[in-house]
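Peer 1: Those protein sequence lines, which keep their order, are chains A and B.
So the mapping is simple: the working numbering equals the position in the first sequence, first residue as 1, plus 419.
So the mapping is simple: the working numbering equals the position in the second sequence, first residue as 1, plus 3.
If you're looking for bench data, these hints aren't it; they were derived computationally from the structure.
Worth double-checking, as some hints may not be accurate.
Claimed, not checked - Pairs of lysine to any residue, SDA-like flavour, derived with a Cα cap of 25 Å:
1) A:488 - A:715
2) A:681 - A:461
3) A:488 - A:651
4) A:681 - B:45
5) A:488 - B:58
6) A:681 - B:61
7) A:488 - B:32
8) A:681 - B:9
9) A:488 - B:45
10) A:488 - B:50
11) A:681 - B:5
12) A:488 - A:698
13) A:681 - B:32
14) A:488 - B:51
15) A:681 - A:437
16) A:681 - B:72
What the hints assert, rightly or not - Calculated Cβ distances over 10 Å to all of chain B for the following chain A residues:
17) 461
18) 697
19) 723
20) 791
21) 819
Where a beta carbon is used, it is the ideal one built from N, C-alpha and C, also for glycine.
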Amino acid sequence: MTVALVVISVWLVVTTAVGILAGRHRALSVEEYFVAGRSFGLVLFYVTAAAEIYSAFAFLGLAGWAATKGASILYAPAYGAIAYGLYFFIGPRINRIGRAMGYVSQPDFLADRYGSRWLGVAVAVVGVVFTLPYLQLQVMGTGMIVHLASGGAVSWQGAVLVSFVAAVVFVYVSGLRGIAWTSLLQAIVMLGGMFALGVLFPARYYGGLRPMFEALLALEPDHLTLPDSSGLGIGWYVSTALLSGLGFWMWPHIVMATYGAKSERVVRRNATLLPLFQLALLPVILVGFTCAARAGTDPAFAARVTNPDHAMLVALVDDFPPIVAGLIGAGGLAAALSTATALILSSATLLARNVVQQGFRRGMDDAAVVRLGRLLVPGLTAAAVVLAFAAPSLLVNLLLVGYSGITQFFPAVVLGLFARWPSPAGIGAGLFAGIATVVACQLGGVRPPAGLHPGFLGLLVNLAAVAVVSPLSRSVDPARLARFERALGTDSANGA
Amino acid sequence: MQLSRGERWAIVLYAIVVAGFMPPVIVWANRVEPFVAGLPFFFFWIGLMTLLTSVLMTLAFVIQERVDRR
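Make a model of the complete structure from these sequences and hints.
Peer 2: What follows is the structure, encoded as structure tokens:
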């Protein structure tokens, strides 16, 4: 066993123990298990959100992209800023309405808001289908980190099995509370790892940032501006930043974290602090650029990096002390597992509560929903592991497939919070048209105009369908609208 | 279901954040020279805007709380 592997293993054991301890001695109600009794204060909410947001993609995918494609990766910090600012307006409302109406999942809100049980079922199914590629990304990232950090001693499949058994155990026992407490640990290790990398890499190989960039520009003059080495230009950059920025808060697991916050003020305060977390992406991008420069000047290094997602880890194991490789591997594992556990929990909630209970078994009681949700935790994890083994893919492709589906909830959620006119049929038609567009582009080979991202094109089609169908169909019952306006505290009575 | 008065102030600040990442600003920032703090300009600009997002949204938070408490 290598030093790096020992460090990573100790880390995995500690995380699992904390996750299990967090949920002991708590009654297993729906609200406790899925949204931690709506009890998170500023710090716990901040780290939960951050650890769920920063995944294996932030650790490996960013560096891989920066190395092979170039400046287009700077869409990631941009979409983060767009998303966090948006959260200032929608986050507190989602939290408020969740508390007032007792929601634990995103389809809970949409089904109730538009008075359509089947809309809730459809949203839950779409949510789970597009969460799976994102979960697969975490599985593959975990496998890569442990496999490469152990110098190839552990196979990536073996690493995946061990890590995900650990993750399933604490999600099963502790629900969202277990995820939050492990997030507190994970956020610290993850951020430490990210910043250490950005300082270590350029200094180790080039003695500083400027010489590294100059070496890179000499090799690939287009790498640091748009269109970059892969030809992605401004149109792609802007549409992908908007797609991801607007879609960000539509992820079912992030909605659940928002319900878990203690108050609206906690949510709003977080909207101002989360952009700071986005700064941690920049050092990882620097590492990617360093790897690109090095691959151009050192053919032996280039030959060892068979997959761009591996670049950072290969360099780490080759040229840094094993303890550093181990700690940074632990950081990457933390990032992957904290997001994976949240994705598993939210998908289990959607299936148990929104598809089974609300769609087909209306008489099912809440204790049975929690039991079923917990049973689904290992099942969903197994599904993602099987997908990862059967159809491995580049990490960023998985991320963007997930986003293009999830962003299609944007009209339903945001219009649901701010507008009266959309009808249930309009929202349903929009969701269908948006998803159909995404599928046509991804599977049917349709090319969107002007280099736009397929998911962004889907969002435009989606909004158009909502606008066209809504005036032609039956609108939401006025009594229902009034109930929501009271809950949001912005009815005409208080003049806001 | 509308924005409060404080939130209307906040949305102005948010618009500045979004504009910093959109054309025409992003077209202007899309360059290597000048290097700032060892970073090519485009990279530096994205980092600066990220930091500025937190500053502007904190300002939005303060203004929003003051206006809406009245």
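Peer 1: Each hint should be assessed against the structure and marked as holding or not.
Peer 2: Now the hints, each set against the structure:
Among the hinted pairs, residue 488 (chain A) with residue 715 (chain A) is consistent with the structure: their alpha-carbon atoms are about 14 Å apart, no more than 25 Å. Of the pairs offered as hints, the one joining residue 681 (chain A) and residue 461 (chain A) holds, with about 8 Å between alpha carbons and a cut-off of 25 Å not exceeded. Note on residue 488 (chain A) and residue 651 (chain A): the hinted pairing holds, with a Cα-Cα distance of about 8 Å set against a maximum of 25 Å. The suggested pairing of residue 681 (chain A) with residue 45 (chain B) is violated, with an alpha-carbon distance near 39 Å, which exceeds 25 Å.
The suggested pairing of residue 488 (chain A) with residue 58 (chain B) is violated, with an alpha-carbon distance near 31 Å, which exceeds 25 Å. The suggested pairing of residue 681 (chain A) with residue 61 (chain B) holds, with an alpha-carbon distance near 20 Å, which does not exceed 25 Å. Between residue 488 (chain A) and residue 32 (chain B) the alpha-carbon distance is near 19 Å, which keeps this suggested pair within the 25 Å criterion. Under the criterion of a C-alpha separation no larger than 25 Å, the hint pairing residue 681 (chain A) with residue 9 (chain B) is consistent with the structure, at around 22 Å.
This hinted pair checks out: residue 488 (chain A) and residue 45 (chain B) have alpha carbons roughly 15 Å apart, not beyond 25 Å. About 19 Å separates the Cα atoms of residue 488 (chain A) and residue 50 (chain B), which keeps this hinted pair within 25 Å; it holds. Of the supplied pair hints, the one linking residue 681 (chain A) and residue 5 (chain B) holds, its CA atoms being roughly 23 Å apart against a limit of 25 Å. Taking the CA atoms of residue 488 (chain A) and residue 698 (chain A), the gap is near 20 Å; set against the 25 Å cutoff, the hint holds.
For the suggested pair residue 681 (chain A) and residue 32 (chain B), the alpha carbons sit about 40 Å apart, so the restraint of at most 25 Å is broken. Under the criterion of a C-alpha separation no larger than 25 Å, the hint pairing residue 488 (chain A) with residue 51 (chain B) is consistent with the structure, at around 22 Å. Between residue 681 (chain A) and residue 437 (chain A) the CA atoms are separated by roughly 22 Å; this keeps the pair inside 25 Å, and the hint holds. For the given pair, residue 681 (chain A) sits about 20 Å from residue 72 (chain B) by alpha-carbon distance, which is consistent with the 25 Å threshold.
Distance check for residue 461 (chain A) against chain B: the nearest CB is about 12 Å away, which clears 10 Å, and the non-interface claim stands. A beta-carbon of chain B is positioned within 10 Å of the beta-carbon of residue 697 (chain A); the least distance is around 5 Å. In this structure residue 723 (chain A) is separated from chain B by more than 10 Å, as the shortest Cβ-Cβ distance comes to about 27 Å. With a closest Cβ-Cβ approach of about 34 Å to chain B, residue 791 (chain A) is found to remain outside the 10 Å limit, as its non-interface label requires.
No beta-carbon of chain B comes within 10 Å of the beta-carbon of residue 819 (chain A); the shortest separation is about 18 Å.
Against the hints set out earlier in the document, violations occur for numbers 4, 5, 13 and 18.
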